[in-house]
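Asks: Residue-level listing of the chains:
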Amino acid sequence: MKSIYLDHAATCPTDPKVVEAMLPYFSDHYGNPSSIYSLSRTTRNAIENARTILASAIGADPKEIVFTSGGSESDNFAIKGIAHALKDKGNHIITSQIEHHAVLYTCKFLEKNGYDVTYVPVDEHGTIKLDELEKAIRPDTILITVMHANNEIGTIQPIRQIGEIAKKHGIKFHTDAVQTFGHIPVNANDLNVDLLSISAHKFYGPKGVGALYIRKGTKITPQSHGGDQERRRRASTENVPGIVGLGKAVEIATESMADEADRQTKLRNDFIKAILEKIPDSRLNGHPVDRLPNNINISFEGIEGESILLNLDMYGIAASTGSACSSSSLEPSHVLLSIGLTHELAHGSVRFSLGKHTTREELDRVVDILPGIIQKLRAMSPLYNK
Amino acid sequence: MKSIYLDHAATCPTDPKVVEAMLPYFSDHYGNPSSIYSLSRTTRNAIENARTILASAIGADPKEIVFTSGGSESDNFAIKGIAHALKDKGNHIITSQIEHHAVLYTCKFLEKNGYDVTYVPVDEHGTIKLDELEKAIRPDTILITVMHANNEIGTIQPIRQIGEIAKKHGIKFHTDAVQTFGHIPVNANDLNVDLLSISAHKFYGPKGVGALYIRKGTKITPQSHGGDQERRRRASTENVPGIVGLGKAVEIATESMADEADRQTKLRNDFIKAILEKIPDSRLNGHPVDRLPNNINISFEGIEGESILLNLDMYGIAASTGSACSSSSLEPSHVLLSIGLTHELAHGSVRFSLGKHTTREELDRVVDILPGIIQKLRAMSPLYNK
Amino acid sequence: MEQYSEKVMDHFSNPRNVGTIENPDGVGHVGNPMCGDVMELQIKVRDNIIVDAKFRTFGCGAAIATSSMATELVIGKSIDEAQNITNKVVAEALDGLPPVKMHCSNLAEEALEAAIKDYKSRQKA
Amino acid sequence: MEQYSEKVMDHFSNPRNVGTIENPDGVGHVGNPMCGDVMELQIKVRDNIIVDAKFRTFGCGAAIATSSMATELVIGKSIDEAQNITNKVVAEALDGLPPVKMHCSNLAEEALEAAIKDYKSRQKA
Ligand SMILES: Cc1ncc(COP(=O)(O)O)c(C=O)c1O
Ligand SMILES: Cc1ncc(COP(=O)(O)O)c(C=O)c1O
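Those sequence lines, one after another, are chains Z, A, S and X.
Each residue of the first sequence is one higher than the one before, counting from 1 in my numbering.
Each residue of the second sequence is one higher than the one before, counting from 1001 in my numbering.
Each residue of the third sequence is one higher than the one before, counting from 2001 in my numbering.
Each residue of the fourth sequence is one higher than the one before, counting from 3001 in my numbering.
The hints are simulated quantities; they were obtained by calculation from the structure and are not laboratory data.
Errors might be hidden in some of the hints.
Here chain Z is said to cover these stretches of chain S; the calculated rule only asks that three of the stretch's residues, wherever they fall, bring their Cβ under 8 Å from a Cβ of chain Z [unchecked claim]:
hint: 1; stretch: 2008-2018
hint: 2; stretch: 2026-2040
hint: 3; stretch: 2058-2069
Don't be surprised by glycine CBs; every beta carbon is placed ideally from N, CA and C.
Extracted from the complex, chain Z is given alone in its bound form (with noise of 0.2 Å):
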């Protein structure tokens, strides 16, 4: 039974055009970029190349490029970094309800050291909501963190509208673009953004390997104290293969993106419009239009999330839920139930996210085989009774 997979947001296969451009890097030009030999020059350059592959690509100088571990540290040296380097000029950060647990947890953290932290609601399809921004703003207001797309529903935020708010208060403000780079245009400028994160794994790229964008002139501290790598703004000897990887997959994904971004539109519209025709009481967690290319998300009632995934499994299909179940915390998705799902169908919801392999002809086969796991599902279920 051939796989198919539809966890796109969760990680990709690296594209082995990808894999061919890093494998030179690892036991042929394995010098270390900061030694002066000419050894080091290949790797000193390719790292370089892969800056401005980048840089040009989201409109921004080489210089303003840090490459980091991936979305994470990227989000976490972000926040941190602003929160530290302004501490002197406030401690009160603004985000979204609905944010990845790399910003939330790391805003959480950050209340617990001194910060305060407003957390603005979203509307029911998870658009948050720019009044009430703007209303957040306080004096002592240093920075703005909203995503730029979110990974469980897709919804895309106003983001160059809140930059325009943060500029015009004078706050720094940072998107986490980890679902949407590769994938919709990034710009840094035309988002109006001071900081911008991104993982390579999430367009094809390897793991454990991101960038963050700093705008120039932005006072940030260092996550990681140690060498002068990266212009002094992230110790460690630089992970080149990973670094040339992520430079590749920004080539190869620019390339594509439009047309894909435009495919993937089309086969998850008919994918959303045929299971919410086949299976009664289900329904779209996410904004209709304004959401990512590739992300579908649908609650179904009366059952839960992982037992849905785990019969996918058995036919091969790989998703993901909002459910809590592989959690340690029995608590669903805080995104499902931000835009006013309750536990119930927070609990119920699964999460098929499209990429460039994905087919009509796989997506027809989810289409045939779900709706027999539903209805095997709800015949089991105490809360299922129509």
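Please build the complex by placing chains A, S and X with the ligands on the supplied structure of chain Z, with the hints as guidance.
Replies: Just chains A, S and X with the ligands now, kept in the frame of chain Z:
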């Protein structure tokens, strides 16, 4: 001209067998280890396998291992993580004067943020003064961090004894074993440590991945907040290929370690003898006996290190220096100054670090070439008039 | 997440004794949709022996498998014997559960307790 | 570190005018071993024209290359012309220096200044 790589302390080529082990985890086994579908079982098992390999190599339990993005992150995480977790207990940290910048600058950062740090001096061989270390202990001391072996001069520290002192006083003890692990025996219990940092690329693993050993029961605050990975001690999608590569590198290193250490020690000693004999006004830095098998560090009077390196590079020989040449500061190595070298001698130092592919022929060639280079530069120097 | 055992997956994909009993002698309804687990266990008792048991469960794989296993374990047992079926017994019968899932076996124990309690109170009445 | 230009590497590996002049007319000695750079520049002057220049340098690649280039630039120049040879001029003649190395070209300028000053003070004496 075949190049002669003698900078293994900076970084090593990734062993082709390591790369081979990593390859399936890019595009074939790409599942996110946190997911519940069967696709992820392979990656999850691969990570746990690597964890078990590393744990057994250092005599630890797999649960005591956290994978990181390298030595710098491990050091930062260990020191800031303990400092934060124990801040109610005290704010005093003890370290040595010759730590790697990843430790030193982390301590300097903490100093600016309410902590008090004692930098214990070393003797002329770079060995920490144990009596001064013990004298430095105060009721509010929460952490001692002393590196296992120094990256510049190779001196191996009496970690076991320091660990005993720490234990006696109930103080957590961290060691940076980045230069020793894979080269000489490293066992967390023999060394009496609570935390221990390693970095894969220093023993033929990939760049951008490392680990921190954290003894069971040690309270530590994460450096990266977010997902539940690594038992909630380090958020971020795991760098699966990197972790697999680290595991494989551990496996290879432990197999050949004893023989390789012997072989390199002999080569090292012969090389040191030959250079000191052939080149007047040169001296060995670091401990004559208690030093890394692969470390050679020599100062040459009257000339500056970078100019030596550039000359060596013209012959395809890669080495490094404690001169300030390539950094933005004008200060030479703090390590060389700490063992009592003048600024001039510190600027005039060169480190040769051997590797498993280093041959006697290569070193003989360096012994042939180096005297001419030193002579040429001294003839040009206003500080050498002999 | 850690893997489920083969036994768990067997009981999850082919759950035994799903459904409801007409005129049950005892019903246990435990859990809370807030937490993602609700279990309903019904028993039929003849001469102090549980002769039939059925369940309905809203919950994860472990919740469904423990429910299924619990019904298998109780059928044919006396009420007294059934009361000895603890969460541990259920989990062990399934060759163990991942640590984060151990609470699911509590639910099975609680459902069984509740059903027996219900049965006893009906007897008294 | 950023790369040195080919010109820098040429002057570093084949430095021009290394050494000392017998009975120089001006000597400049600048820098400090603490900082890793010491430069000594000697000049021979005839009819206000620098007819020879020699240097000795303790320092990095850039320090040696700028010393060498500085001597090349001053030979044949009048004292007045030589005084216009700034750090910028030396660095540009070498097709630029990596940013962290720009201070080395200052040293060359300072050494030249010092040598000319020494020459002038000897003239007065
Ligand atoms: C929106 C968002 N932010 C941050 C992250 C963290 O990225 P990483 O796992 O690469 O650290 C993810 C993915 O896990 C994400 O979806
Ligand atoms: C002793 C020591 N500690 C820490 C590090 C930092 O390791 P990494 O560059 O992998 O972050 C190094 C090497 O650079 C080292 O030699």
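Asks: So which of the earlier hints does this model not fit?
Replies: none
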